[in-house]
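Asker: One-letter residues, chain by chain:
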Amino acid sequence: MAFIAFLILFPLLPAVLLLLVESPAVRKGIIIISAIAIAVISVDMAFAAPKNAAQYVDSAFHYLDNILIAGELILACTILYLCRNLPFKKYWIPLMVVLQTGMILWTELSGKLHDVKTQHVFFYDNLSLIMAVIIGVIGTLICVYAVGYMNQYHHHHHEIPDRQKLFFFTMFLFLSAMFGIVFSDNLMWLYFFWEITTLCSFIMIGYSGTEEAVNNAFRALWMNLLGGLAFAIAIVYCVTVLKIVELDDLLNSGKSAAIILPVVLIAFAGLTKSAQFPFSGWLLGAMVAPTPVSALLHSSTMVKAGVYIIIKLAPAMLITIPGTMITSGMMIALIGAVSFLACSCLAISQSNAKRVLAYSTIANLGLIVLCAGVGSYLALWAAILLLIFHAVAKALLFLTVGTIEHQIGSRDIEDMHGLISKMPRITIIMLIGITGMFLAPFGMLVSKWAALEALAVSDPFLPIAVIFGSSATLFFWGKWMGKLIAITNVKSDAEGRICHEEWFVLSTLAAMTIAICALFPLVGTYFIEPLYGRDPILNKEHIIMVAILLGLVLLVPVAFFFNWKKLRNAEPYLCGAGIKDNFSQFTGSLGTKEWKLSNYYLEKYFGEAKLFKLSVVVSTVLIIITFTIVFYGAR
Amino acid sequence: MKLLLAALAFVILTPVVCGLLAGFDRIITAKMQGRYGPPLLQPFFDVLKLFEKENLMVNQFYHSFYLICYLVFMVASGILFFTGQDLLLVIFAFTLADIFLVLAAYSTNSPFSFIGAERELLLMMSAEPMLLIAAVGLFMATKSFKVGSIASVADLNTILLLPGVFIGLLFILTIKLRKSPFDLSTSHHAHQEIVKGVTTEFAGPSLALVEIAHWYETAIMLGIIYLFFAGNPVIAVSVVLVAYFVEILIDNTFARFKWELTLKSSWAVTFIFGGLNLIVLFIIEKVKI
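Heads up: the sequence lines are chains A and B, in that order. If you read the first sequence in the numbering used here, its first letter stands for residue 320, the second for the next number, and so on. If you read the second sequence in the numbering used here, its first letter stands for residue 11, the second for the next number, and so on.
The hints are simulated quantities; they were obtained by calculation from the structure and are not laboratory data. Mixed in with the good hints, there may be bad ones.
To be verified - Not everything, but these chain A residues come out facing chain B in the computed CB check (under 7 Å):
id, residue
1, I786
2, S790
3, G801
4, I804
5, A805
6, Y919
By construction, the Cβ of each residue, glycine as well, lies at the ideal position given by its N, Cα and C atoms.
Start from the sequences, fold in the hints, and give me the full structure.
Answerer: Here is the structure:
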């Protein structure tokens with residue numbers, strides 16, 4: 320149990336130290352040493368801990384409640400303090416803070432907790448362990464990357480005040496809070512850590528202090544606070560009506576209809592945190608932050624907290640709502656399906672690399688939410704596989720975009736034309752990330768495979784949504800890859816300027832993206848099987864087939880070194896068009912013109928203007944319907 | 011051992027069978043157009059001649075890497091299919107192979123190839139949903155994703171349960187066989203506005219690889235058609251041949267579509283015929299219970 324305490328508390332030490340230290344060299348040392356410590360402990364714990372049933376930690380320490388109350392108060396005051404210069408009179412934001420903190424404090428102090436069983440505070444099971452490894456390894460890799468990145472960031476952006484101390488403090492606080500979320504059994508503690516991540520994301524999104532950043536930070540704040548409010552209501556309901564305050568009691572309370580309301584409320588909080596429609600706006604707005612922040616929010620923290628809690632609640636969402644024929648999980652799955660389908664299509668219309676990645680994140684989280692909503696064991700299998708593979712590949716992609724942006728001064732995919740000639744090694748790393756996201760036999764596709772097979776069992780509606788969505792992903796990843804690999808023979812020394820930390824993190828993540836495809840049967844056998852039983856995806860034949868494909872992907876490049884006879888170089892065929900010396904210039908009767916190749920964006924069909932609004936409306940209606948029938952059922 | 015033999019048979023027989031099929035295709039097409047047409051073995055002569063030619067290339071990558079991957083994964087996908095593995099995995103490997111063709115075209119940095127590659131991606135996006143829906147449909151009808159068990163379970167009932175899926179599949183078969191009206195990315199005939207699109211820059215042995223890979227591609231697509239009638243091989247082979255003939259007919263009677271119409275029509279057909287078929291099937295099964 321010591322490691323739970325270590326993982327939650329230890330990151331606070333570097334956090335505080337980083338707040339005090341001025342020297343960049345010392346800062347770097349602290350970050351690297353603590354990153355290693357966190358990563359090693361989280362992996363070690365995953366291997367050492369027993370894997371069969373959830374283990375609980377009882378509240379031996381008497382003052383834990385007081386610490387919680389103090390923490391809640393500090394948290395609320397911090398958010399209120401940060402709200403002191405609200406843009407556009409968004410006075411409802413502090414109101415929400417006061418409201419939810421008030422509810423939680425009332426629950427704590429009114430004595431309602433006396434007749435409620437408060438035995439377990441923390442716990443861990445295999446899902447927590449998987450999450451802990453993701454946070455501990457990928458989260459800390461991103462911190463290490465940020466060391467080099469932030470120096471360059473301030474080198475490029477002189478107008479932005481250097482607040483790196485606050486930045487790194489927030490990063491480590493974030494990690495601590497994430498560990499808290501995945502290990503908390505007591506809902507009060509879970510809520511407390513949940514709100515810390517809201518606060519951290521707020522600080523990080525607003526880092527640059529520009530008007531856009533501040534606005535987007537406040538948008539992220541209110542959307543997540545809305546989720547927090549739902550969470551707080553759920554806790555009050557659990558304590559006063561159900562006499563429950565622990566997650567395992569909520570999940571094991573005999574599957575009665577009474578738990579539907581709190582479960583849906585907490586799932587709603589999960590939807591806001593994982594940026595599902597209609598709350599996707601905040602994650603897209605979060606792009607204004609420095610790239611390591613995006614990587615952290617998208618891959619290992621924040622949004623993953625949202626899907627974690629939804630996966631956790633999946634069994635409870637299978638209860639039929641009284642008076643209807645449907646379960647709350649079905650409604651949640653529909654919202655996930657809308658997010659997956661809409662965001663996969665929306666990504667086609669984007670040329671900003673970070674926006675493409677953001678849409679792809681929301682889409683993949685939508686797929687996870689969809690699987691969790693369906694809630695069959697096979698679907699949960701797929702959800703966890705998606706969670707793991709997505710974390711690695713998406714962190715890799717964000718960080719490479721960050722590195723490339725610093726070198727070529729743009730994050731537009733159109734500007735990445737022919738990048739393989741200019742920055743071959745970085746481009747190959749990026750290509751690994753992209754293939755990891757959408758091609759067989761890499762992780763995400765294996766998980767989509769598992770998801771389709773799991774979903775096809777129950778009904779054809781969700782598979783149809785998944786099928787159309789995943790075909791759209793094919794298009795936008797494909798054209799992005801095409802841009803990167805066009806060979807232009809324009810050389811550049813940009814790669815030489817990338818610092819060691821960035822190289823180390825990028826190559827580690829690229830290696831992990833490949834390795835995890837080879838290792839997924841082991842992860843499945845040792846971590847997921849004890850939770851959800853055996854998945855037929857994991858049968859021997861399938862593993863062999865995937866291994867053969869993987870082997871082919873890795874072996875075929877050898878053919879490149881084979882000496883082909885009679886090779887003769889030629890220029891691309893241009894119908895005899897007026898190209899003289901410069902390949903990118905065309906001389907016609909109207910003089911010399913530059914030409915360039917540009918991707919299709921199919922704006923007319925997949926443009927943001929219509930599709931985004933439509934998805935927000937559809938998903939809002941779905942949420943309203945969900946709550947209406949849940950209230951109706953509870954009545 | 012049996013699987014190994016099946017794989018070997020597939021690898022060796024496909025070029026022969028599909029090459030002959032292409033030969034017949036060209037003769038029939040010629041007859042439809044009032045020409046005499048080439049000899050039956052012309053496709054083989056073409057490929058052999060391409061291998062004899064000089065290897066002209068814009069860069070080494072596409073030939074030595076992407077196109078070889080295209081062929082290797084097309085064969086791999088075919089092997090997975092004809093040894094009776096999971097149909098979804100077959101489709102994913104098939105997509106992977108196709109992506110390598112697109113990447114080869116992109117890597118040449120030629121305007122014609124580039125536009126061809128964009129269009130090929132668009133065609134993939136148009137055709138992929140129907141392929142996957144067909145897999146889900148076959149699963150609903152036969153309770154298995156494995157090609158082997160689908161083939162052993164499939165009977166006349168299968169096609170009666172999945173008429174819409176089958177029609178949708180025939181629709182995208184036109185895309186996958188690169189027949190008009192869907193030959194936007196590259197065409198069997200070099201009279202396109204983007205020259206030969208995806209294959210513009212491929213010459214000699216490189217182009218031969220593409221041709222051979224296309225034979226394997228044809229085999230897989232026709233194999234999926236076969237699967238619907240697998241209970242009765244005679245009927246199945248006849249259906250496949252009729253389907254191929256219809257494709258030739260369509261090829262010779264339709265003008266090329268624009269990309270918008272291609273995407274819209276194929277997604278509409280996929281949803282209306284494929285999607286609704288699945289939904290109706292689901293409702294029927296619910297009512298039965």
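Asker: Give a verdict on every hint.
Answerer: Hints and how they fare:
Using the Cβ-Cβ criterion of 7 Å, the hint placing A:I786 at the interface with chain B is satisfied: the shortest such distance is roughly 4 Å. Annotation: A:S790 was flagged as interfacial toward chain B, and the flag holds, the nearest CB pair being 4 Å apart, inside 7 Å. For A:G801, the suggested interface contact is upheld, since its CB lies about 3 Å from the closest CB of chain B, less than 7 Å. The criterion of a C-beta within 7 Å of any C-beta in chain B is met by A:I804, whose closest approach is roughly 5 Å, and the hint holds.
The restraint placing A:A805 at the interface with chain B holds, with a minimum CB-CB distance near 4 Å, inside the 7 Å limit. A least Cβ separation of about 5 Å between A:Y919 and chain B falls short of the 7 Å threshold, and the interface hint therefore holds.
Going through the hint list in order, the structure satisfies each hint without exception.
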